[in-house]
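**Student:** Got chain A sorted already, so can you dock chain B onto it with the hints?
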Amino acid sequence: MDGVHDLGGVNGFGVVRPEPNEPVFHESWEPIGYALIFVGAGELKAFTIDELRHAIERMDPRHYLTSSYYERIVTGVAALFVEKGYITHETLEAKAGGRFPLALPVTPGERARDESLDLQPGDAVAVRSGHFRGHARMPRYVRGKRGTILHRTTHAFPFAGSAGHGIEAKLEPTYHVKFEAKDLWSDAADNSSVVVDLWESYLEKI
Amino acid sequence: MSDHHSPEAPLASKAARANALRAALDEKNLIPKDYIENFAHVAENDWKPQNGAHVVAKAWTDPAFRERLLKDATAACAELGYGGPQGEYIVALVDTPQLHHVIVCTLCSCTAWPILGLPPDWYKSFEYRSRVVRESRSLLREMGLDLPESVEIRVVDTTAETRFLVLPLRPQGTKGWSEDQLAALVSKNVLIGVALPKID
Chain A
1 MDGVHDLGGV NGFGVVRPEP NEPVFHESWE PIGYALIFVG AGELKAFTID ELRHAIERMD
61 PRHYLTSSYY ERIVTGVAAL FVEKGYITHE TLEAKAGGRF PLALPVTPGE RARDESLDLQ
121 PGDAVAVRSG HFRGHARMPR YVRGKRGTIL HRTTHAFPFA GSAGHGIEAK LEPTYHVKFE
181 AKDLWSDAAD NSSVVVDLWE SYLEKI
Chain B
1 MSDHHSPEAP LASKAARANA LRAALDEKNL IPKDYIENFA HVAENDWKPQ NGAHVVAKAW
61 TDPAFRERLL KDATAACAEL GYGGPQGEYI VALVDTPQLH HVIVCTLCSC TAWPILGLPP
121 DWYKSFEYRS RVVRESRSLL REMGLDLPES VEIRVVDTTA ETRFLVLPLR PQGTKGWSED
181 QLAALVSKNV LIGVALPKID
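Sequences listed follow chains A and B, in order. Here the first sequence is numbered in full-length UniProt numbering, starting from 1 and rising by one per residue. Here the second sequence is numbered in full-length UniProt numbering, starting from 1 and rising by one per residue.
Chain A extracted, bound-state conformation (with noise of 0.2 Å):
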């Protein structure tokens, strides 16, 4: 989806400001969200990592865009709990003392192509062109452009188009696909390269 966390090369944002010597975590709620992720994922297998990403892109945007990190995952998985009917937003907000935003509705999820296409090192692609309003691990910065493929994963992972909404994944493997700054944003820094993860049904021969 075209949603305001694909951040990738959107201007606007000042200066980065890293914290010497950080905790892992500042407050005592942090972990909270983070272990959670694993109770659903993992022990309950209420959803997926993929689905929590997309709970998460599913954020109103102004809330997204003013809320910290730890809150972005209580959110997320808050909101799947809810979906799923482990637990109703009444029950958090009375627990919670106020309002608990959640996530908007999931729409459907999208099936990996059937074909698969026998991509190697060196081949040259083109990122597909379509757009798709659920869950994407495709930045849009990349979307219809060309570039080089750098690795093959030995390991195919659920297409996350749709693990992302809870439907069976195609197994894929992953390319890491280099492409080259200035084809990306006409002011990219000069010599410099990105190179994006994609998902083979992200990618076309060329």
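Don't read these hints as lab results, they were simulated from the structure. Do not rely on the hints blindly, as some may be mistaken.
[As the list claims (entries may be wrong)] Label-pair distances were calculated between CB atoms; the ranges are: (1) B:D180 to A:H151: 37 to 47 Å; (2) A:E180 to B:G84: 31 to 41 Å; (3) A:R62 to B:E67: 23 to 33 Å; (4) A:D190 to B:V94: 19 to 29 Å; (5) A:V24 to B:T61: 26 to 36 Å.
[Stated by the list, open to error] Facing chain A, according to a computed beta carbon distance under 8 Å, are these residues of chain B, among others: (6) N29; (7) L30; (8) P32; (9) A43; (10) L118; (11) W122; (12) F126; (13) S130; (14) E149; (15) A160; (16) P171.
Don't be surprised by glycine CBs; every beta carbon is placed ideally from N, CA and C.
**Tutor:** Quick look at chain B alone, frame taken from chain A:
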């Protein structure tokens, strides 16, 4: 929806929401005993950049290990005891005098937890996620890494299931150093690629 707090009701604090989620699941007995505490313990103690630093230092000192790391970094890291969630498929990005790698996750904040540790806040910031792919050179300069124009900067966006670590060049002047001495030069920022290992 009528039972929900109205849009004008005050937003519960982040901590209150996190604790409410925990309490709601606990009420249904869905959280195994001590699960959250155990997770936090592992995240704070077991997943750390010293693991990745160990991998890098070994690759600098042991050519056979380096070869195995380049061929199958997941197996090479497992050899040293490092693996687990967000470390199921690892690739080492090999810097050369002409090529420098830097890692990002523009869509969320994926990182190789077992060897880098959980990502720092700056890595998860909208500033870093939006800017590094497009203006890598000036952003790295702002962060204190000024690379010559002759060095290609390759930004690697963690958009699928591969997790990465940067294998930087071994600094000059470290001949004869032990693996431990070398590992001490490799920070989380070095493993991400926003800094280079430096001798004081």
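**Student:** Please go over all the hints and tell whether each is borne out by the structure.
**Tutor:** Verification of the supplied hints:
Evaluation of the 37 to 47 Å hint for D180 of chain B and H151 of chain A yields a failure: the beta carbon distance comes to about 31 Å. Our hint of 31 to 41 Å for E180 of chain A and G84 of chain B holds, since their Cβ atoms are close to 35 Å apart. Taking the beta carbon of each, R62 of chain A and E67 of chain B are about 50 Å apart, not inside 23 to 33 Å as hinted. Between D190 of chain A and V94 of chain B, the C-beta spacing of about 22 Å keeps the proposed range 19 to 29 Å intact.
For V24 of chain A and T61 of chain B, the Cβ-Cβ distance of about 29 Å falls inside the hinted range of 26 to 36 Å, so the restraint holds. Hint on N29 of chain B is violated. Least Cβ distance to chain A is approximately 11 Å, over the 8 Å limit. Proximity of L30 of chain B to chain A holds as hinted, the smallest CB-CB distance being about 6 Å (cut-off 8 Å). A cut of 8 Å between beta carbons decides the hint on P32 of chain B: the least distance to chain A is about 6 Å, and the hint holds.
For A43 of chain B, the interface hint holds, the least distance from its beta-carbon to any beta-carbon of chain A being 6 Å, beneath 8 Å. With its C-beta approaching chain A no nearer than about 6 Å, L118 of chain B sits inside the 8 Å limit, and its interface hint holds. Given hint, W122 of chain B at the interface with chain A, holds; its Cβ is 4 Å from that chain's nearest Cβ, closer than 8 Å. With 8 Å as the threshold, the beta carbon of F126 of chain B comes within range of chain A, its nearest partner Cβ sitting at about 5 Å, so the hint holds.
Interface hint status for S130 of chain B: upheld, as the beta-carbon distance to the closest one in chain A is roughly 4 Å, under 8 Å. With its C-beta approaching chain A no nearer than about 6 Å, E149 of chain B sits inside the 8 Å limit, and its interface hint holds. Restraint check, A160 of chain B versus chain A: the minimum CB separation of about 4 Å is within 8 Å; hint holds. This hint is violated: P171 of chain B has a C-beta 21 Å from the nearest C-beta of chain A, more than the 8 Å allowed.
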